[in-house]
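Based on the provided sequences and hints, a complete structural model is requested.
For the sequence shown, our numbering assigns the number 86 to the initial residue and increments by one for each residue that follows.
Because the hints were derived from the structure by calculation, they are not lab data. Don't take every hint at face value.
Unchecked claim - The calculated lysine to any residue pairs, modelled on SDA-like cross-linking and capped at a C-alpha distance of 20 Å, are: (1) K274 with R150; (2) K274 with R221; (3) K274 with Y223; (4) K274 with Q222; (5) K274 with L220; (6) K274 with Q224; (7) K274 with T179; (8) K274 with Q219.
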Amino acid sequence: MDPATRADRRRRRLLIATIAGGLVLLLLVGVGIYGLLRGPAPRTDTTPADPPSSTVTAPPAGPSREGPVAVPQVGGPEAFARAVASALFTWDTTTGDGPMDYAQMLADVAADEEAAALAGDVRAYLPTSEAWGQLRQYQTRQWLIIDTAVIPEAWQTAVAQAAPGQIPAGTLAYTIEGTRHRDGIWGTKPVEASRPVSFTMFIVCTPAVTGRGVTGTTCELLRLSQLDNPLR
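Listed below in structure tokens is the structure:
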């Protein structure tokens with residue numbers, strides 16, 4: 086066989102292989118672009134088909150709808166503890182704010198030395214971003230009705246038994262007991278739920294000093310216990 090003919094055949098096979106490889110590459114690129122344009126496959130929707138009615142309002146028992154509110158640091162230890170508890174449990178998914186916005190209100194009153202650890206404590210009390218998106222579909226809001234805010238006996242015992250300087254001056258524990266309320270809209274119907282909650286917070290309060298001397302007490306938040314696992 087003519088060597089030139091064999092060489093022509095090899096060139097043709099190489100050309101065919103090259104063209105085929107190029108077509109496969111173009112096909113893969115085309116599929117990838119199509120996937121980007123089409124987006125992910127739709128998920129099964131398990132939410133109610135009927136959108137919330139704009140004429141239906143939630144039960145009037147809860148607070149007015151508003152975004153995150155700053156926690157006042159003056160007024161005394163118990164007033165601060167109650168304000169922290171309210172800030173920790175009060176949120177509204179319809180305001181355009183998210184969990185981090187509500188967490189920031191507590192970070193603003195955190196003691197510097199415990200700020201990082203406290204951030205983890207607060208996250209355990211707030212919905213995750215994914216859960217927040219689901220709750221927003223039902224216009225969910227939450228708030229806390231406080232029944233008691235007391236210094237637990239276990240803390241008083243710990244202070245009495247502590248060595249001098251072991252517990253910094255002004256450090257207190259408050260155990261909060263109350264009822265957590267939630268309401269929202271399911272389809273077109275207002276719904277609500279509630280359950281008792283309890284927890285302990287640790288705070289530190291020191292005299293507020295200005296150019297005119299001591300004018301009051303300023304408090305900061307140290308840590309939070311696990312929900313429903315308070316000091317007694």
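Tested hints:
Under the criterion of a C-alpha separation no larger than 20 Å, the hint pairing K274 with R150 is consistent with the structure, at around 18 Å. Taken as a hint, the K274 and R221 pair is honoured in the structure, with Cα atoms around 15 Å apart against an allowance of 20 Å. Straight-line distance between C-alpha atoms of K274 and Y223 comes to about 10 Å, which keeps the hinted pair within the 20 Å bound. Taking the CA atoms of K274 and Q222, the gap is about 13 Å. The hint holds against a cut of 20 Å.
A distance of roughly 15 Å separates the Cα atoms of K274 and L220; the hinted pair therefore holds under the 20 Å criterion. Only pairs whose Cα atoms come within 20 Å are accepted, and K274 paired with Q224 is accepted, the gap being roughly 11 Å. About 16 Å separates the Cα atoms of K274 and T179, which keeps this hinted pair within 20 Å; it holds. The hinted pair formed by K274 and Q219 meets the criterion: a straight-line CA distance of about 17 Å does not exceed 20 Å.
Comparing the model with each numbered hint stated earlier shows that all of them hold.
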